[in-house]
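Asks: If you want the building blocks of each chain, they are given just below.
There are 2 protein chains.
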Amino acid sequence: MVDAAVRPKTTRPHPDSTDADLTIDIARVTDLLMGTWADTRREARELIKDSAFWRDDALGKDEHRERVLSQLHLLVENKAVHRAFPTSLGGEDNNGGNIAGFEELVVADPSLQIKSGVQWGLFGSAILQLGTAEHHDKWLPGVMDLSIPGAFAMTEIGHGSDVAAVGTTATYDPATEEFVINTPFRGATKEYLGNAALHGVAATVFAQLITDGVNHGVHCFYVPLRGDDGVDLPGIGREDDGLKGGLNGIDNGRLSFDHIRVPRTNLLNKYGDVAADGTYSSAIDSPGRRFFTMLGTLVQGRVSLDGAASWASALGLKIAITYATQRRQFDGADGQEVVLMDYGKHQRRLLPRLATTYAQIFAHDEFLQKFDGVFSGRIDTPDDREDLETLAAALKPLSTWHALDTLQEAREACGGAGFMFENRLVGLRADLDIYVTFEGDNNVLLQLVGKRLLTDYAKQFTGKDAAALAKFAVGMTAGKLFHGAGLRQFGQSVVDLGQVARSVENGLREEQQHQLLAERVQQMVADIAGRLRAAGKDKALGARLFNENQAELIEAARAHGELLQWEAFTDAVRRVDDADTKKVLTWLRDLFGLQLIEKHLAWHLIHGRLSTQRAAAVSQYIDRLCARLRPYALDLVDAFGYEPEHVRAPIASGAERERQDEARDYYAALAASGEAPVLEKVLKKKAKR
Amino acid sequence: MVDAAVRPKTTRPHPDSTDADLTIDIARVTDLLMGTWADTRREARELIKDSAFWRDDALGKDEHRERVLSQLHLLVENKAVHRAFPTSLGGEDNNGGNIAGFEELVVADPSLQIKSGVQWGLFGSAILQLGTAEHHDKWLPGVMDLSIPGAFAMTEIGHGSDVAAVGTTATYDPATEEFVINTPFRGATKEYLGNAALHGVAATVFAQLITDGVNHGVHCFYVPLRGDDGVDLPGIGREDDGLKGGLNGIDNGRLSFDHIRVPRTNLLNKYGDVAADGTYSSAIDSPGRRFFTMLGTLVQGRVSLDGAASWASALGLKIAITYATQRRQFDGADGQEVVLMDYGKHQRRLLPRLATTYAQIFAHDEFLQKFDGVFSGRIDTPDDREDLETLAAALKPLSTWHALDTLQEAREACGGAGFMFENRLVGLRADLDIYVTFEGDNNVLLQLVGKRLLTDYAKQFTGKDAAALAKFAVGMTAGKLFHGAGLRQFGQSVVDLGQVARSVENGLREEQQHQLLAERVQQMVADIAGRLRAAGKDKALGARLFNENQAELIEAARAHGELLQWEAFTDAVRRVDDADTKKVLTWLRDLFGLQLIEKHLAWHLIHGRLSTQRAAAVSQYIDRLCARLRPYALDLVDAFGYEPEHVRAPIASGAERERQDEARDYYAALAASGEAPVLEKVLKKKAKR
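The listed protein sequences correspond, in order, to chains A and B. If you're matching positions, the first sequence starts at 1 in this note's numbering and goes up one per residue. If you're matching positions, the second sequence starts at 1 in this note's numbering and goes up one per residue.
No wet-lab data here; the hints were simulated from the structure. Heads up, some of the hints might be wrong.
Repeated chains share a single entry, so a pair holds when one copy, or any two copies, can fit it.
Okay, derived cross-link-like pairs now, EDC-like style, lysine to aspartate or glutamate, Cα gap no bigger than 16 Å in a straight line [what the hints assert, rightly or not]: (1) K684 with D212; (2) K599 with E555; (3) K537 with D334; (4) K370 with D380; (5) K270 with E134; (6) K684 with D285; (7) K688 with D285; (8) K681 with D212; (9) K684 with D62; (10) K539 with D334.
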């Protein structure tokens, strides 16, 4: 594996346009990408240069699981995973830095990242966030030093996205002052839990808390799984999930509980408690709000997936674009073989994805700042918590889907070489596959965002009387008619006619991109809200209408997330002083914005936001941006800051360039020797003359 | 594994609209899908019900490779793989049936399908199609009975898509009447060859044939790799590709040749020969046409990938849709948990992909008929061969990309369960990943189609004088202006206003779908041709313009393939007599057509083919079709004809339904017992009253 870790030669291809002689300040761009916790990221990257942390593709599932467990111990030894824990227990109370450091582990091995996340980010966080001082003192030291590997037992076979409906019960028995944890039917078995198949000796178990004949909803309990002898306690059921599509370094499995008794004080009681006599109490009166508050404390999983997925996309593009600047195929007009990156289609495949990756990394840093603000207590109001959750639900789906899309396109762009495991792309994709449905199914998360957008929209009308609402409804319709009738289209057409190139760039600059993206979100939400209003208080009709609008609501939520990413990218570009760098990053931001507009072009046309002329020009402008960015493609992936020990893919090591050079040298020498065979077709042509 | 092979109960959900009480003739639909070689397909499916042919997920790469080799021997014993070989040698001269039978192996294990393809479809076919009687008699019996496992050595590290440029040389030495096969540089090493790492004892090697100082282009040679002692012959280099993203039951590897000498008669000489004195001869004068003729005889790989990918998509949908009709999540308006298939978004995710899968299976059967016609000699003209190759280049990319997309969506639609290896989806997706770049990179294939479309387009003007061409150019521009100015849009709007639902269905029926899809292909090709024409005889400008239009040309080729699929689907529906079945299949065809139109909606708007009103209605119509098709979703996947031994995924076995029923029974009994805990929120509501 070390052979692959050779520093590639990265000379920029010859510029062939006036836009091609700019000089990017790569180090500055790297700083920008690394973001607020750049130091922690650099520290983590330095640590994982050690091959002990790398994925070893030769290992089968069982050996891989043991290797990752041993890597977790190495992380403990290196104090790499305790940043979020209380200073009093040896941590740093550093929430943002902790996540940043975790995310970087993805390029060592996603199994390492996720198993660490299970131990310290989920199991440990549940104790930290849902428990109180007694729990912290009792269990966190063991969680931190890995003497208590644990499972986070929330999801069940029968209930994934709908956590509130889990079947596991925790019934309080005042006679013994114990909770009885029970799995009442097969579907209530806890499922897909890391550490459950093998390594977990305890679990934080989410169950319906029942005391005194009342179900107070889902709460979390600390449940030991094994005795000191290492044998499972009586009543604990444990099954191995076996082989998965990826992340096979993690021992996922199932847990069931046959009337397991735990002390009353094993209830992690920060948000709800049961007294010795069975009396339930909580500072949060509403069971619904209490439930969402508890779940909200566990948002960090989504935060770190957003970052890890974005950086995995970056690594995929670093590999594919490096290869594309070395690999040659088919002769060009000059008789020389053309490097892949010079093909129009290849640029179209990789560069918009590069732009999106930049946008996601910038958006992620803002997201991480928000998370750190809330969890440090600096800006921790209920509104901030709600915003943070909405942000998580908007960004995690986009970045995780983007990672799969990008890693797949990167693999295809590398042809057969992309399919070889050693070149990383297929392995990363397989491991990241589950990111799109765990820690919240992406579609369900986006639906949450959509509902929040509808709520915010409705708030505008709070307190307004029927007359005002009616007036608004008329306005809406008028607005739609205005757009629908194409009046605005007409105006654009007049301006555009005959001066396409200039008018396009004029009409699709920063402000227009923002306007198009923002108005789309607003209009979609307003339209959906209008359609849902028809239900009034008819619950069944409401459900039907909601279902009919579900796909569009999810699309509106996606548009909202894309807008946030665009805004983050734009803010990042504003922080750049160097003119050349700013110019290239602005093109990249434009490419991101325009490919979003192109993706939804029909919407913009139907709603009269773009004339057909301007719409047609969007794709041409994207082509032009791709060509402009082509000379900087390598600089832009180098700016991700990955070193050979992070990349490790032989095809991105310069080996391809060496092979190409060898072949070209061979043919040159053959030609010079005068002994090169003549091509039959050349002979035939000569004969014809 | 046998546990999973339980026949699921498949009761249709309660109909809730007047369109929901139709009865589909499932057996008739199965016949339709099975197509021309239904008997062979049934025979193959019956054979692979034997678990000896199934993929065993517990095996690592090395054991998997040996298992697949042993399965190949089982295929020989069962006479399942010789249909395409000459009757004289124990085959059946049945080309179409042979491919149909091969394709079905994909549901047993894609590694089995592809390793069989390497042995009999590539290595064996090269000897059969490029060799002559002497070669057939000498080697085919050993190829057929697997006593000569062989590699098909075409691709090199440095040349995949550009086969004409391979570096391997075969230089004739008249002194010994031998060819010297040589790998002159590292990039000329043969790469990614099945059977090369371990099992191959011979190879068909593609190399530049050089005799008498002239390079006659790429020809194929039979090259022994091992002696009778099983040891590699001197000068043979062999390397193992190791772990891949999928298909790890195949021993892919590299082969290099250090001045290996083979007898002159080892040249597979059907299309070009070298006499003992070194004189080259060929019945095909043009080296270019000769090369493409030789490659064309090997089209069957693409044919079988198209079919295998389509049927793998079918299996993925069978699994995901069966699960979606049993799995419940979140309460509906009636307080009962809703099955996934009843959610609008879930229908949108799965049903258009089901429609596309039907279209591809129908298109594939037509493709297979064409292939059989050419290879049986019934309709074997150069034009037919060219059409066949274009068809292969158009359909294989679409179906293989669709398989990856569908298997991924199916996996996500099954959530965490979809990520478990035992549920098939991740394994199938990983194995099929490489289908999109092997046997011709999909983008390169589509570019070939695009070039053919341009050639056909140009043929219209052959012989026309400059005046006629000029007149045509004016017409073109006028046409564009006509569309661009929205005159047609206006007419549509008038008709559409105020009667959206009816007018939409009127305006988007069969004829209109065909017109929209067909005109898009024509217009795109005409537009690109117009832009390329500017180059005239300027080669460099021509290359630049082509590159600028590359992405769009590929898109035009895709549109062409989609049109062919739509036409095949429509022809298939016409063959159905039963009214109910025809109605449902027509909806499914409409869904296929409309989602294509929706995908390219911006194009239709920009080119004035749809008014904004009608365009907006396309999505609504799709929603309506999804709702109409919902009650038949299960019937439509049952019609694929897969039995439990083919499906094997526990989540599609009925286990989920049993778990759901158990949970519902538990809660019902609890409620009946009067001992169910009261929900805190219910208590709180009561207290407020």
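Asks: Run every hint past the structure and note whether it holds.
Replies: Okay, the hints, checked on the actual structure:
1. K684 with D212: Between copies only: 15 Å across chains, 98 Å inside a chain, cut-off 16 Å.
2. K599 with E555: Classified as both: same-chain Cα gap 12 Å, cross-chain 15 Å, threshold 16 Å.
3. K537 with D334: between (72 Å within a copy, 15 Å between copies)
4. K370 with D380: within (10 Å within a copy, 68 Å between copies)
5. K270 with E134: Intra 11 Å, inter 85 Å, cutoff 16 Å: intra-copy only.
6. K684 with D285: For K684 and D285, only the inter-copy Cα distance (9 Å) is at most 16 Å; the intra-copy one is 91 Å.
7. K688 with D285: between (95 Å within a copy, 13 Å between copies)
8. K681 with D212: Cα proximity of K681 and D212: across copies only (15 Å, versus 93 Å in one copy).
9. K684 with D62: Cα proximity of K684 and D62: none, with 63 Å in one copy and 50 Å across.
10. K539 with D334: between (70 Å within a copy, 9 Å between copies)
When each numbered hint is compared with the structure, a violation occurs for hint 9 only.
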